[in-house]
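As you go down the protein sequences, you meet chains U and G in turn. Under the working numbering, the first residue of the first sequence carries the number 1, and numbering increases by one thereafter. Under the working numbering, the first residue of the second sequence carries the number 344, and numbering increases by one thereafter.
Since the hints were made in silico from the structure, they are not lab data. Please note that a few of the clues may not be correct.
What the hints assert, rightly or not - Taking lysine to aspartate or glutamate pairs in the DMTMM-like style, the calculated list, with each CA pair at most 25 angstroms apart, reads: (1) G:Lys-614 / U:Asp-227; (2) G:Lys-431 / U:Asp-20; (3) G:Lys-614 / U:Asp-112; (4) G:Lys-614 / U:Asp-212; (5) G:Lys-614 / U:Glu-326; (6) U:Lys-308 / G:Glu-540; (7) U:Lys-308 / U:Glu-326; (8) G:Lys-614 / U:Glu-54; (9) G:Lys-614 / U:Glu-193; (10) G:Lys-519 / G:Asp-622; (11) G:Lys-431 / U:Asp-275.
As the list claims (entries may be wrong) - These stretches of chain G come out as covered by chain U in the derived footprint (C-beta under 8 angstroms, 3 or more residues): (12) 465–476; (13) 551–557; (14) 587–600.
Quick reminder that beta carbons are idealized off the backbone N, C-alpha and C, glycines included.
Below, each chain spelled out in residue letters.
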Amino acid sequence: MTEPATPTLAPRGTSVPLLDVTGVTKTFHVARGASGRHRLRALDGVDLRLERGETLGLVGESGCGKSTLARVLLMLERPDQGHVRFEGTDPFALRGKELLRWRRRVQMVFQDPFASLNARLCAEDIIGEPWRTHRDLVPAKERGRRVAELLEMVGLRASDARRYPQEFSGGQRQRLGIARALALRPDVIVCDEPVSALDLSVQAQVLNLLTDLQARLGVSYVFISHDLSVVRHVADRVSVMYLGKIVETGPTAQVFDRPRHPYTAALMSAAPVLDVSGARRERILLQGEVPSPLDPPSGCRFRTRCWKAQDVCAQEAPPLEPSPGEPAHAAACHFPLQEAATR
Amino acid sequence: MNESPVLEVDRLAVDIRTPAGTVRAVREVSFAVRSGETLALLGESGCGKSMTAQAIVGLLDPVAHVAGGAVRLEGTDLLALPPAQRRKLAGPGLSIVFQDALTALNPVQTVGAQLAEPFRIHQRLSRRAAREKAVELMERVGIPEPRARVNAYPHQFSGGMRQRLLIALAVALHPKVLLADEPTTALDVTVQAQIMELLRELRTEQQTALILITHDLAVVAEQADHVAVMYAGGIVETGRVADVFSRPRHPYTRGLLDSVPAEVARGATLKSIPGSPPDLHSVPSGCAFRARCPMARDVCAQERPMLVESGPGRTSACHYWRELTDD
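In isolation and in its complexed conformation, chain G is listed as follows:
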């Protein structure tokens, strides 16, 4: 795992046009992943984690556009390529699993036809050979009786099975990088565990780099090697999961960890972060977190803290991260 990163995101910025003006939804987001490694993008709703993923795979909503930065897949900046070339490179190299499998699958096409499509387009296989591949894929992701169900439509599958189909579609061409945007949030707990296990197996099998987008700290703790914590469009802390979760070096990460009910005795007061995440139209000046931060001081309103090294292999964007190093 010492080789160079397979995907590098460099100072990515995304703007959204809204009736009230253009707002920056993703600001200077940078991270890198290596083959066989899992990076979690952790954050609450509206923090820009899904927008980052959509910008990487080139599926941004029409009201949003990339305002700067680079997304390098094995050294090639995808954002600088003309669309046709980008498709040729990113189509097989980069794929995404969405949260809601029912809307992500085409309801009027059989699952077999949908699973065969990547093979038809990128490997120019015959209809019959592609279909054969589709059956193999269904079998690999644990769909019972794949040959009998290859002609079924998405609505004929359960939620868990649909998520498996979506994963099958995403890993069909053995992508170098797989993004999973809240892949289990819509599923029941016992099915969630099955899906996470499947993703883990596939990652190991295909040596894929996995970018897991989630709001769930426990999922991060169990699945990821590295984590990047996002708040109001920017990354506030990065590092190995074990380091970040045991010794957070940003007050937001610390606040999130304290909000988890798990460790606190029944009925005891949970520590919580006051207020709620800012609206993108009114992100505070300086540090975006300062209005909710117990450590905020004057400088936080004036200067936006940059991500700086705060330990071996980790960074934080806080003027006062040093004050968090103990305890």
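Isolated chain U (complex conformation):
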């Protein structure tokens, strides 16, 4: 590793997080018919931190920017502003061999286990393909053994090496996708809705596998999901996104049990729960839908659907601020909810 391109921003006395994202903004230019070009700000000043061996849940509705953020983390998109630091180093400043070495360390598991595996490659080739780029990682004569090891690690059989994706069930394919991500011994795996295409009975198997692998390998996950019960189960910390901004972040239990941002509260309250006692909960039913990211509201982006909105919300975008007594738990709201107040 060479010297970091820029000095780290981590405060003195704290260890440098594995992944540190500060103030990242990403704007896309989209052609929109006769009305000309429009700017779509997919990410607007996003901060995110990931420690070694931890799982960060990323929650939000479609169009909130979570997939763009994942793409920035994987260096598939370059941010317009802000910094990404991986162990203090800006990966966007790396070139050549250094860049290659960095890329190995952040991998991805995709949502659709049908579309994300090449139907013309057998399991062995799918898992081994990354080694054709990262040549020095596994010596050629050890590759067969390593493939067998990886297959067994994800709960498949070594004898599955010659089978093709279409011979596997959905859950088995997702295991194969996980084995491919593990082939490069990454430090971070970005999981983009890894279980939402799977049936419930199979979903539990894959979630258990991800948990086991983390305990064995110490890998960190950025876990993107719209399913709150899944996020609650896997994540140590959770960040909630709305229209390109992080509106709330904190330890999972704090965010779920005492949401501070009205959007978080509404999102949690909207998700159906499996409660057989028959008691119907009071539900916060938001009006309308998420506004177009091409034309987001001024000030706080949630104000158009918020029952607490006042004049100030239209003028000033609220910053992410820690909540009293819970320094790790922050929300971006002028009128954050009080203790246990879900309306």
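We have chain U; now place chain G onto it with these hints.
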């Protein structure tokens, strides 16, 4: 709610022709719903729940056909009627809301024209009167500025609004039975809640019987009165939702409930069902669930368990349901 069921499905069977031969996708499915009541058909992908719904409304894919059974709407077997008569009866009496509103709506016709169609056909209203009805409907399902948007096309609406349009279309003629096939699966959570609320209101308002087809246990727990759990084309358990979910009497239902991450502590191992649902070409002999079942014994491979009464108002198709009654 004591009157006789408005819809009765009796030993319905559906076959699909595939290149590898004909397979039975729905086997001996029976259930009944009463006015104002919600029945959930719960199951994972490929269990035959959507196929059952399509057979009921008569919209099966050409490769599939009904191989037996009856679908009785207020006592009349729709499957025994000639097509014209069936349309006359089922058109206004029975309707369905599909999952994907964009493909279910006609992209080259204005929403107003589509919403007016049922009134034109079944009530023979004039163009103008039908259009007026369309505007009223749009207003009822919560579409803002209906008069201004009646001439818009489906692609000009958001996902949630399109689902509202589809619901409007389905409830236009106050059907006696409304089927909803994963009506909110394609939508974001906050919009999902709005749509479920709308369905609930309409059901109460019109005293419709609602058949909710879903894979989501939480949706069932919140919305349905009764549930029928399907596995590999057949019903494995039925009963009131509160009973079935608190004391499942089929190992599959039990396994599903255990797979839900909600109640388990962070990071703790979830109980899961080993393996995955069978391919219709290779459904195991005897009990279809036996290959994944922790309780399976020799008899399970030989005899297919029938649905038997396993408590007041509930049935299970398991040889050993009694072993599940405690805890």
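Here is what the structure says about each hint:
For the hint pairing Lys-614 of chain G with Asp-227 of chain U, the CA-to-CA distance comes to about 18 angstroms; that is within 25 angstroms, so the pair holds. The hinted pair formed by Lys-431 of chain G and Asp-20 of chain U fails the criterion: a straight-line CA distance of about 64 angstroms is larger than 25 angstroms. A C-alpha spacing of about 23 angstroms is found between Lys-614 of chain G and Asp-112 of chain U, which places the hinted pair at or below 25 angstroms, so the restraint holds. Proposed proximity of Lys-614 of chain G and Asp-212 of chain U is supported: the alpha carbons are some 14 angstroms apart, at most 25 angstroms.
For the proposed pair Lys-614 of chain G and Glu-326 of chain U, the alpha carbon gap of about 33 angstroms is over 25 angstroms, so the pair is violated. A distance of roughly 22 angstroms separates the Cα atoms of Lys-308 of chain U and Glu-540 of chain G; the hinted pair therefore holds under the 25 angstroms criterion. This hinted pair checks out: Lys-308 of chain U and Glu-326 of chain U have alpha carbons roughly 22 angstroms apart, not beyond 25 angstroms. This hinted pair checks out: Lys-614 of chain G and Glu-54 of chain U have alpha carbons roughly 22 angstroms apart, not beyond 25 angstroms.
With a C-alpha separation of about 20 angstroms, the suggested pair Lys-614 of chain G and Glu-193 of chain U falls inside the 25 angstroms cut-off, and the hint holds. Taken as a hint, the Lys-519 of chain G and Asp-622 of chain G pair is broken in the structure, with Cα atoms around 35 angstroms apart against an allowance of 25 angstroms. About 41 angstroms separates the Cα atoms of Lys-431 of chain G and Asp-275 of chain U, which puts this hinted pair outside 25 angstroms; it is violated. Residue count for the region 465–476 of chain G with a Cβ under 8 angstroms from a Cβ of chain U: 0. That is fewer than the three needed, and the coverage hint is violated.
Restraint check on the region 551–557 of chain G versus chain U: 0 residues with Cβ-Cβ distances below 8 angstroms, three needed, restraint violated. Counting residues of the region 587–600 of chain G whose beta carbon lies closer than 8 angstroms to any beta carbon of chain U gives 5, which reaches the threshold of three, so the coverage claim holds.
Violated hints, in rising order: 2, 5, 10, 11, 12, 13; the structure is consistent with all others.
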